[in-house]
Each structure stands twice: as C-alpha cells, then as structure tokens.
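There are 2 protein chains.
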Amino acid sequence: MDFDEFREFGHASIEFIINYLSSIRERNVLPNAVPYAVVNQLPKEIPEQPEHWREVLKDLESIILPGLTHWQSPYFNAFYPSSSSAGSIIGELLIAGIGVLGFSWICSPACTELEVVVMDWLAKFLKLPEHFLHASEGPGGGVIQGSASEAVLVAVLAAREQAVVSYRESHPELSESEVRGRLVAYSSDQSNSCIEKAGVLAAMPIRLLPAGEDLVLRGETLKKAIEEDVASGRIPVICIATLGTTGTCAYDDIETLSTVCEEFKVWLHVDAAYAGGAFALEECSDLRKGLDRVDSLNFNLHKFMLVNFDCSAMWLRDANKVVDSFNVDRIYLKHKHEGQSQIPDFRHWQIPLGRRFRALKVWITFRTLGAEGLRNHVRKHIELAKQFEELVTKDSRFELVAPRALGLVCFRPKGDNEITAQLLHRLMERKKIYMVKAEHAGRQFLRFVVCGMDSKPSDIEFAWTEIESQLTALLTEQSLAARKTGNVADLTQHFKIHLNDHEKSQ
Amino acid sequence: MDFDEFREFGHASIEFIINYLSSIRERNVLPNAVPYAVVNQLPKEIPEQPEHWREVLKDLESIILPGLTHWQSPYFNAFYPSSSSAGSIIGELLIAGIGVLGFSWICSPACTELEVVVMDWLAKFLKLPEHFLHASEGPGGGVIQGSASEAVLVAVLAAREQAVVSYRESHPELSESEVRGRLVAYSSDQSNSCIEKAGVLAAMPIRLLPAGEDLVLRGETLKKAIEEDVASGRIPVICIATLGTTGTCAYDDIETLSTVCEEFKVWLHVDAAYAGGAFALEECSDLRKGLDRVDSLNFNLHKFMLVNFDCSAMWLRDANKVVDSFNVDRIYLKHKHEGQSQIPDFRHWQIPLGRRFRALKVWITFRTLGAEGLRNHVRKHIELAKQFEELVTKDSRFELVAPRALGLVCFRPKGDNEITAQLLHRLMERKKIYMVKAEHAGRQFLRFVVCGMDSKPSDIEFAWTEIESQLTALLTEQSLAARKTGNVADLTQHFKIHLNDHEKSQ
Numbered sequence: 063m064d065f066d067e068f069r070e071f072g073h074a075s076i077e078f079i080i081n082y083l084s085s086i087r088e089r090n091v092l093p094n095a096v097p098y099a100v101v102n103q104l105p106k107e108i109p110e111q112p113e114h115w116r117e118v119l120k121d122l123e124s125i126i127l128p129g130l131t132h133w134q135s136p137y138f139n140a141f142y143p144s145s146s147s148a149g150s151i152i153g154e155l156l157i158a159g160i161g162v163l164g165f166s167w168i169c170s171p172a173c174t175e176l177e178v179v180v181m182d183w184l185a186k187f188l189k190l191p192e193h194f195l196h197a198s199e200g201p202g203g204g205v206i207q208g209s210a211s212e213a214v215l216v217a218v219l220a221a222r223e224q225a226v227v228s229y230r231e232s233h234p235e236l237s238e239s240e241v242r243g244r245l246v247a248y249s250s251d252q253s254n255s256c257i258e259k260a261g262v263l264a265a266m267p268i269r270l271l272p273a274g275e276d277l278v279l280r281g282e283t284l285k286k287a288i289e290e291d292v293a294s295g296r297i298p299v300i301c302i303a304t305l306g307t308t309g310t311c312a313y314d315d316i317e318t319l320s321t322v323c324e325e326f327k328v329w330l331h332v333d334a335a336y337a338g339g340a341f342a343l344e345e346c347s348d349l350r351k352g353l354d355r356v357d358s359l360n361f362n363l364h365k366f367m368l369v370n371f372d373c374s375a376m377w378l379r380d381a382n383k384v385v386d387s388f389n390v391d392r393i394y395l396k397h398k399h400e401g402q403s404q405i406p407d408f409r410h411w412q413i414p415l416g417r418r419f420r421a422l423k424v425w426i427t428f429r430t431l432g433a434e435g436l437r438n439h440v441r442k443h444i445e446l447a448k449q450f451e452e453l454v455t456k457d458s459r460f461e462l463v464a465p466r467a468l469g470l471v472c473f474r475p476k477g478d479n480e481i482t483a484q485l486l487h488r489l490m491e492r493k494k495i496y497m498v499k500a501e502h503a504g505r506q507f508l509r510f511v512v513c514g515m516d517s518k519p520s521d522i523e524f525a526w527t528e529i530e531s532q533l534t535a536l537l538t539e540q541s542l543a544a545r546k547t548g549n550v551a552d553l554t555q556h557f558k559i560h561l562n563d564h565e566k567s568q
Numbered sequence: 063m064d065f066d067e068f069r070e071f072g073h074a075s076i077e078f079i080i081n082y083l084s085s086i087r088e089r090n091v092l093p094n095a096v097p098y099a100v101v102n103q104l105p106k107e108i109p110e111q112p113e114h115w116r117e118v119l120k121d122l123e124s125i126i127l128p129g130l131t132h133w134q135s136p137y138f139n140a141f142y143p144s145s146s147s148a149g150s151i152i153g154e155l156l157i158a159g160i161g162v163l164g165f166s167w168i169c170s171p172a173c174t175e176l177e178v179v180v181m182d183w184l185a186k187f188l189k190l191p192e193h194f195l196h197a198s199e200g201p202g203g204g205v206i207q208g209s210a211s212e213a214v215l216v217a218v219l220a221a222r223e224q225a226v227v228s229y230r231e232s233h234p235e236l237s238e239s240e241v242r243g244r245l246v247a248y249s250s251d252q253s254n255s256c257i258e259k260a261g262v263l264a265a266m267p268i269r270l271l272p273a274g275e276d277l278v279l280r281g282e283t284l285k286k287a288i289e290e291d292v293a294s295g296r297i298p299v300i301c302i303a304t305l306g307t308t309g310t311c312a313y314d315d316i317e318t319l320s321t322v323c324e325e326f327k328v329w330l331h332v333d334a335a336y337a338g339g340a341f342a343l344e345e346c347s348d349l350r351k352g353l354d355r356v357d358s359l360n361f362n363l364h365k366f367m368l369v370n371f372d373c374s375a376m377w378l379r380d381a382n383k384v385v386d387s388f389n390v391d392r393i394y395l396k397h398k399h400e401g402q403s404q405i406p407d408f409r410h411w412q413i414p415l416g417r418r419f420r421a422l423k424v425w426i427t428f429r430t431l432g433a434e435g436l437r438n439h440v441r442k443h444i445e446l447a448k449q450f451e452e453l454v455t456k457d458s459r460f461e462l463v464a465p466r467a468l469g470l471v472c473f474r475p476k477g478d479n480e481i482t483a484q485l486l487h488r489l490m491e492r493k494k495i496y497m498v499k500a501e502h503a504g505r506q507f508l509r510f511v512v513c514g515m516d517s518k519p520s521d522i523e524f525a526w527t528e529i530e531s532q533l534t535a536l537l538t539e540q541s542l543a544a545r546k547t548g549n550v551a552d553l554t555q556h557f558k559i560h561l562n563d564h565e566k567s568q
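So the sequence lines, in the order shown, correspond to chains D and Z. Letter 267 of the first sequence, counting from 1, is numbered 329 in this note's numbering, and no numbers are missing. Letter 359 of the second sequence, counting from 1, is numbered 421 in this note's numbering, and no numbers are missing.
Where hints are given, some of them may not hold.
Where chains are identical, the list cannot tell them apart; a pair therefore holds if satisfied intra-copy or between any two copies.
[As the list claims (entries may be wrong)] Taking lysine to aspartate or glutamate pairs in the EDC-like style, the calculated list, with each CA pair at most 20 Å apart, reads:
hint	residue 1	residue 2
1	186	110
2	448	345
3	383	452
Don't read these hints as lab results, they were simulated from the structure.
Chain D extracted, bound-state conformation (with noise of 0.2 Å):
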C-alpha cells in the first residue's frame, strides 16, 4: 500500500470512526449473537492475493460491528467504563504510526521520558503522595502497565521476592522452598478475580479474608489472620487492597490496614482501579486518607481519565524492590546510560520485555481535555449516577442494596433473586443496555454503571425507562399467566409484593 492508499484508508477509517461513534445510540448495545455466526461468515484462509481496504472496512460494517457489544454506548452499563476519547483515539494512531518500542531507555528516549512526565503530572493530579513522583528524591515513581491485573501481579510477585530474601536472611535454617512454601498473602471477599489469579500465578496461597457488612475490609480483621498465620508458621507478604471494589465500589480502610502492614512489615497495594479517579477531586479527599503509607497503587485510565485501554498507572514507593526483583539482563540489552543516572529502564518494572509508546496518547489525551475537563468528567460521572440513584428510590418496587459510590449504583426489584435474574434476562434478551449482576450474602442484585465518552442524563432517562417498565412487564405476563392457568397459588409471595408495590407507588 502506498502512501496515496495510506491517506485515502485513513481518512475513510476517520470518517467510519465517527459514523459509529456518532450513530452508536441507534443501535442495540448487546449483539444478537449466537457462537460461530461471525466465524461462519467469514473465510477459512487468508486471501492469496491482496484486497482493497474497502472491502476490508464494507465487512468491518455488515459482519464485525453487528457483533459487538459497544462498549462506547451510553447503554453499557456493564462492568466498569472503558471509555475512550478523541485524543485518545488519534493517539493510538499516532503511537501505531510511530511505532517505537520503549523497554529500555536507549531504546527510544523520548518514549521513556514521556512516561516519567506524564505519570508525574497524574501523580500530582490525583494529588499522590510526593514519594511517589519521579521528580521526588526517593526510589520512588509511575510506570504504565497494560492492566490492572498486571500491575497487581508486578506488586505481588516483587512482594514475594522480597519477602524471601529478608526471610532467608533472619531464618538461615530454612531452604528456600520451605521459605516459599510459608508465604501467604491477603485480601478481601469482595476483591477482582484478578487478584486471587495473581494467588495462583505467584504460587503463593491469598487468602481473601471476609470484607465487613459494609463491604469493607478493615485492620482488625487483616491482624486477626496476619496473627494466626505468624502463630503456625506462616509468612505473611502482601495485603492488596480496594479502593472501589467490583461489586460494589466498597473502599478499604486504608488508615487500618497499613497500621497493620506497618506492624507487621507486609507490603501494602491499593488496586484502585476504578475509585482512583476521584483522588483527583477535593470533595473526594477521603479517599486519599492513608495513600501515604501504601507501597503500591494501581489505577486504571481507561475507567476515568479517557484514555483508552490499555493503560494501567502504577506507582511504587521504591521501584527499586521491583527492579531488584524482575532485572534478568542480557549483553545486547545493554546501554551506555544505564545504571548512570536515575532514568528507568521500564522493562525491569514490568512483566513483559516490549513495550508500546502508551504515554503519547495519555500526554494527547490530558492536554486536548486539560485537567479540568478531566475533573469535569468524573463528576459528570457522578451526577449521572445520582440522577439514577434518585429514579430507584423513588420507585418502591425497587431498593438499592449498597450507597451509591461514585458512578456506581447496586440495586435490585425487592423481593427474592429469581426476580432480579428474571428482569436482567429479559434485559439482556431486549439488549437495549447492558448490566451484569452481582451477589453479596445470599442476594443478588443489578449494577447500574455509568460508562460511555459521553453520556447524558437522556441517557439515564432511557435505561431507567427500560428497567421499569421491563419490570412492569414481567410481573404483568407472570400475574396473567397464573390467572389464565387459575394457578394464582403458583404467584410466589414475591411476586405479589411487587405488584402491590408498584400499584402504590403510580
């Protein structure tokens, strides 16, 4: 392809970026999907000869888009946001255009430094504490990782090299596989499944401790286990925290836990990587209470700072433990700066050895938005989700089962679990939008989260009125049914409230 090819297929992929973009509320947010219908329309070997890019970009049309679940529709509202931006957008071009690698400092300087900056500037955006700046005197400072997953591993594994080499030095009696064979780790109940996958990839057990009623893990319930395990042997290593859980956006008490930690020398990670946004905004400023004491953050950018996926900010308070920990080195990796000054070599602070140049569209993306508008965003986010938090409680058929935090809203129809999956099965077969369930003590119930580049309040308007009325629905077919069959004994208690509850509240 030629230069004149290049220019033409990128601006028709501009042009088809914006058509989707722009037109994204037309369609549903869940494909009408079933497994191999993508598979089935498409051919079995690559095309021999080259074709046109418009046929290429005809196909992405007709096959690929009708079966996607549009994770840019206001109408998602699975999951958490992975939200992206112009700036973004025309980053990942620009990173691809480009196309250096950045695993070394000699590899690509400028790669490298722009992530110094940039980590630097979101440091002091979400008002970090300073230990965690490049610019800080200290070992301490921000790398880009590719998720969250990612950087909660990087944190457990150095946790866990470091822990056996202190071990080993105060117990000199013990091999090392009866050292690695004692290490235990902690979270809690309510945690990312990635953490309890970082467990099994670290072969090190994490024993996902019971968060409070509130959904909260706090000090005393770390202590209680760090205690039991020290009392039979155990070497406690690493505690990885919530700030802004899965579930239900429950944050641990940081305060609490690194006393603990502290006490006990276990390293403490905060996976902040949906609730990390609101650092960044003063009327959230408790959240930020105990960051100080931490060893280790993570935040996810695509959750709040609309720069696409994948880009994970992690800071460390001394980089060293990890660099220390991961540095395998080879002669052809070698370069003449290395060692000599303080600029990282990032590959050492990672899992993988390449790297992508993920600071440019973070850089694009903060100075096309500003930091105001990158505020402005997440309590957009916000008011969104009162504005639904308000529409639930006002309706009585309908409770919510945890505070509204953030974006987030947790609610579910009163009454037992098979209503809940009921309404969101009937709502996942309309695929006007998307939620997922989740479950606490026995009970389950809806996420309603606010995603999207842009979402309006017409927008929560339209989920809400899907819900509802989805609600109305199902409880008039399931009332008419068990009239017709005259089976009104087979109408379950449940059933009976909520139409009652919805005549009271018209």
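Starting from the known structure of chain D, fit chain Z onto it as the hints suggest.
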C-alpha cells in the same frame, strides 16, 4: 472535542504519519539524546485548560520526535524487527475508535470470534500441525498474547500447575510446597532473557543448558540434565526451546528435544518469536520439523508479519491445560454460553483479565497484504540479509560469526573484542545506523538485522558503507595516533592485522 475537530485532528495525524514515514531516511536513526532532555522541555503539570491539538502535534514534532529512536527506519538494524504496515496502523486506529474489550465471548462476541478466525488463518499460513487449529476437533487453538514474554510465561505457569497436580496424584506423601520446591525447567543458554525472567516470576529455577558449538540445544544435553535432576529428586516440568535465538538466530533441535520431553513427560514449548514467520516458506520447511510434537508455540507478528507491536501469537495443543490452571471466576463474569459451546473465553488463556481487539489489526493487515504479500515480505528480508552477508564476506577485514539466518547476519571485524566495541561505539556516536552487539564464547560480535516496513537494497548499501568506512577511519586514526607519538609498539596485533587485511582487500 466535537466530531468536526476530531476529523481535522485525525486527518492532520494521518498526514503527520505520512510525513514521518516517507522522510524517515532523512533522520538519524538514533537521537542526539541525553537523559532528561525531553523531561526538561515539558511542563511539570497537566495544563488546567484544554490545549488545541495543533499545539500537541507541534510539540510532538519538535520535542518528542527528536528524542526517539526510529524503529521503522531501514537504518534500524538492532534487536529484531518491530515492523508495521499501513493496514496495521489503520487497524490500531479502528481498534481504538471502536473501543471494545474482549475478555469473554459475551463481552464482545465478534472480538473473540475474529481472533479465532485469524489465529486459524495464521496457523494454516504457517503450516502448523492441524491440532493447533480452533477448527480441529481437539482442545487446541491459538490466542493473541501481548508479547512473547507473556506467551512464554503462560506456558511456564500452566506447565508448572499441571506438574504440581499430576505429581501430587502419584506422590500423595509429599506436601504441595515440597513438590513446588523440587520443580525445575530447562532452556538453552542462548535463549531470550524473557525465559530466565519467566523462571524468576514463576519461582521455578530454569536451567540454562549449554548450547553446542553451533549454538543449538539438542536432546542429548536435555536428557543428561533431566536424568541428573530426576536422580536427585527434582521434578522436570518444561523445556523452552527456541527457533531463532536472539543472539544468532540459532534453531534448537526440536525433534531430538521432543523425543526427550515425551520420554519424561515434560512440556515442550517453542519460542519461535522471530523465525516463526519463515514457517510459511516452502524453502524453510526444515524449520517446522518436530512441531507436531510440541505442546505450545509462540510467534511475534511484529517481527515478520507487518502487524505492529503488541501482537504475539501463541498456540496450545491442549488449551484446557491453561484454562484449568488460570480459571478464577466471579458471578459478574459469567454468561449464558459459558461452557455450553467450545467458543473460548480468552481471559482464561492469558495473564491479564482485559484484552484489546488486536485481531482486528491482524485481519486488516492480512487482507490488505494477502498471503503472497506476507510471504514476499519474509523473502525480501532474507534476500537483503544475503546482500549484506556478501558484502561482509567480500571485505577480508571482517568475518562472519555464524551462518546468516533469515534476516540476521552476525559478523565482526577480525581481531580482538576491542575493535568490535570501538567500531560499534563509533557507529552509535554517528547515529546513522543502529546495531547492537552480542557475545558468544568470549567473542563479541555485531548483529545486523534487516528491519523496517520497507527496506531496500540501497539501504543495505548505505549501512555497509557506513560500517566499513568507519572501520577504515578507526584503523587509520589509531595508526596515525600511534605513528605521531612514535609509539608504534602500542599498536596491538589486531590493528596490524586489520590494516594489512584492508590493504589486501583494496
């Protein structure tokens, strides 16, 4: 930013990339950089108000580009290629514009299904064994990982967990930590640093066995090591062989290694990050020998397939071995087709939870280049390396260190290591071409690798002229310096040899 501005920014960025790539030969491949040069030119905080995208592109041109090493330049001859193409660059734009994640089938069906399609396309194109195809009956299939490091780590971790389970079944008298403490893995001393790192991360020692004189690891060496280990109570887990080592592109002997692995029930993984591209060529069919007997395999698409980083293909003979090891689930990740069909949920095939729609750029690249275009690209790199090899052999001051392999020529100025080091230092200071050195058996040498998306015979001429003229200049300078001080005795033997050789070759 509204869509009109997005369009303008997008079009301007397409032009930016065209300007950059079409004039890339005019830039020094290495930047004139000292640590912190870029950091010091940039502000210390995110701007409070949004800036116009024109300002950002201006700074990209004037601050960032001069600090980059230009990986897409044909004068980049270091490491291995990280090539791109028009289709792949636009592919990244479309991936970001569409903005979906694909960790499970339901969360974006076409994202998973297109990956199934392109991985089967690629497996057929590379003539891999049938059992690696999703379309085959068995539990095999391919997945896109972020990097070769991650692919290797996935194999190492899955093999480790499989070994623990199966060994504990046959030796119930041992505790889990006793078993884990006895695990051991194998690779060659020529393998990539990511393999040693995988051992560190997996907390499992990887023995780097001595490759032969020809830098090839063979079954007999592995067998000896395994027998020693078994005799001393250790548990052999996995052997990571390489097709195309980083140093010299040596090919481990897969057939004899697989015989040993089968005998001792050891997982055999092949890291074909570079050489995998040549599987597609009939004239390189020898490289595929034994692949029908390996458990897993990885190949980097940015090395030969013109799909930009990140994109590492990995195939598994039995994907369940990974899924069973990595599967930790939560209710919010469950969906109705899970387990009901063979459609994969790729989150269980990899380290992180989140994943980008990388299959899209593969699909676009493959269709716009065609199978013929892809094969021609690999053949072109081989031809250009042959051209370089001839230039080396015609100049009697130089010697080949290993046979040319694919697009890599390993060579050195005759004499001791000091000349090689000084020549490379000189080339690095001039910044016209970029090579790195490697070392084997005490001998340092230079690696000339054909890279870039569009290298030509004239680029090879350019590089060679730079190299040989700098050797001439180096030798002349040192000879003059010695004569000037009258200190002819300081001329070491190697310089004399070189001057003589050069005179002969004129």
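Each hint tested on the structure:
1. 186 / 110: between (53 Å within a copy, 12 Å between copies)
2. 448 / 345: Classified as within; 15 Å inside a copy, 65 Å across copies.
3. 383 / 452: neither (47 Å within a copy, 48 Å between copies)
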